[in-house]
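Those sequence lines, one after another, are chains A and B.
Sequence positions in the first sequence follow this note's numbering and run 1 to 111.
Sequence positions in the second sequence follow this note's numbering and run 1 to 113.
Think of the hints as simulated: they come from the structure by calculation, not from any bench.
Beta carbons are placed, not taken as given, at the ideal position from N, Cα and C, and that holds for glycine.
Errors might be hidden in some of the hints.
Sample of chain A residues at the chain B side, in silico, Cβ under 8 Å [what the hints assert, rightly or not]:
id: 1; residue: PHE45
id: 2; residue: PHE69
id: 3; residue: ARG73
id: 4; residue: TYR98
Facing chain A, according to a computed beta carbon distance under 10 Å, are these residues of chain B, among others [to be verified]:
id: 5; residue: THR62
id: 6; residue: ALA65
id: 7; residue: GLU67
id: 8; residue: TYR73
So you can see what is in the structure, the chains are spelled out below.
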Amino acid sequence: KAGVTQTPRYLIKTRGQQVTLSCSPISGHRSVSWYQQTPGQGLQFLFEYFSETQRNKGNFPGRFSGRQFSNSRSEMNVSTLELGDSALYLCASSLQGYIQYFGAGTRLSVL
Amino acid sequence: GIQVEQSPPDLILQEGANSTLRCNFSDSVNNLQWFHQNPWGQLINLFYIPSGTKQNGRLSATTVATERYSLLYISSSQTTDSGVYFCAVEQVNYGGSQGNLIFGKGTKLSVKP
């Protein structure tokens with residue numbers, strides 16, 4: 001069974017641009033969670049989607065948004081990028097939210 | 001919100017040594033996972049262990065939910081065990097899990113040959 005796939009793996013953007021990251025969950029998994037990892041703040045929860053509905057959201061500004069499609073694939077979008085958005089973005093999938101399996105991440109650099 | 005504290009923050013071992021990593025959490029949980037983050041950043045599942053004891057090869061874990069802590073044991077450590085170990089929990093939600101893991105700051109393990 002294929003694991004969680006995140007694309008792209010690396011991304012370089014400039015301040016003010018927007019970016020879209022993609023996550024394909026393990027087949028059959030309906031829950032997708034997104035996390036941001038930075039050296040200063042560690043791993044922080046962004047949001048979670050289950051069957052195309054956002055069930056939970058972390059403490060991030062509205063510039064961070066996401067969605068989930070009917071095939072459970074998920075995207076997250078960050079608008080008006082700031083230098084502090086440079087981070088490793090990880091997504092995880094699970095059947096119903098309990099045991100989460102992570103993708104390899106997208107490393108975003110904002111210049 | 002729930003607080004997760006991991007100790008020690010850093011650990012240096014000689015190959016072959018044993019170690020114990022600790023995770024304390026401040027409230028009842030219905031989800032607790034241990035992860036190993038490899039040098040490329042991927043989080044590898046080690047254990048899903050909201051309570052009880054599990055073993056997988058040289059690794060084992062115990063969670064005492066009533067006392068709000070979990071332990072990860074690594075025996076006969078190898079250089080490939082190096083990396084950061086994270087404990088992550090989800091606070092009890094009577095509606096079921098909502099995929100919201102709260103992570104500790106991790107224990108950075110270095111195993112020297």
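Here is what the structure says about each hint:
At a threshold of 8 Å, the smallest CB-CB gap from A/PHE45 to chain B is about 5 Å, leaving the interface hint in force. The restraint placing A/PHE69 at the interface with chain B is violated, with a minimum CB-CB distance near 17 Å, outside the 8 Å limit. A hinted interface residue such as A/ARG73 counts as satisfied when its beta carbon comes closer than 8 Å to some beta carbon of chain B; here the least separation is about 16 Å, so the hint is violated. Because the beta carbon of A/TYR98 sits about 5 Å from the nearest beta carbon in chain B, less than 8 Å, this interface hint is met.
Annotation: B/THR62 was flagged as interfacial toward chain A, and the flag is violated, the nearest CB pair being 18 Å apart, outside 10 Å. With a least beta-carbon distance of about 15 Å to chain A, the hint placing B/ALA65 at the interface is violated under the 10 Å criterion. With a cut of 10 Å, the hint placing B/GLU67 at the interface with chain A is violated, because the nearest CB-to-CB distance is about 22 Å. Evaluation of the B/TYR73 hint against chain A yields a violated restraint, the C-beta minimum of about 20 Å exceeding 10 Å.
Hint violations for this structure: numbers 2, 3, 5, 6, 7, 8, all remaining hints satisfied.
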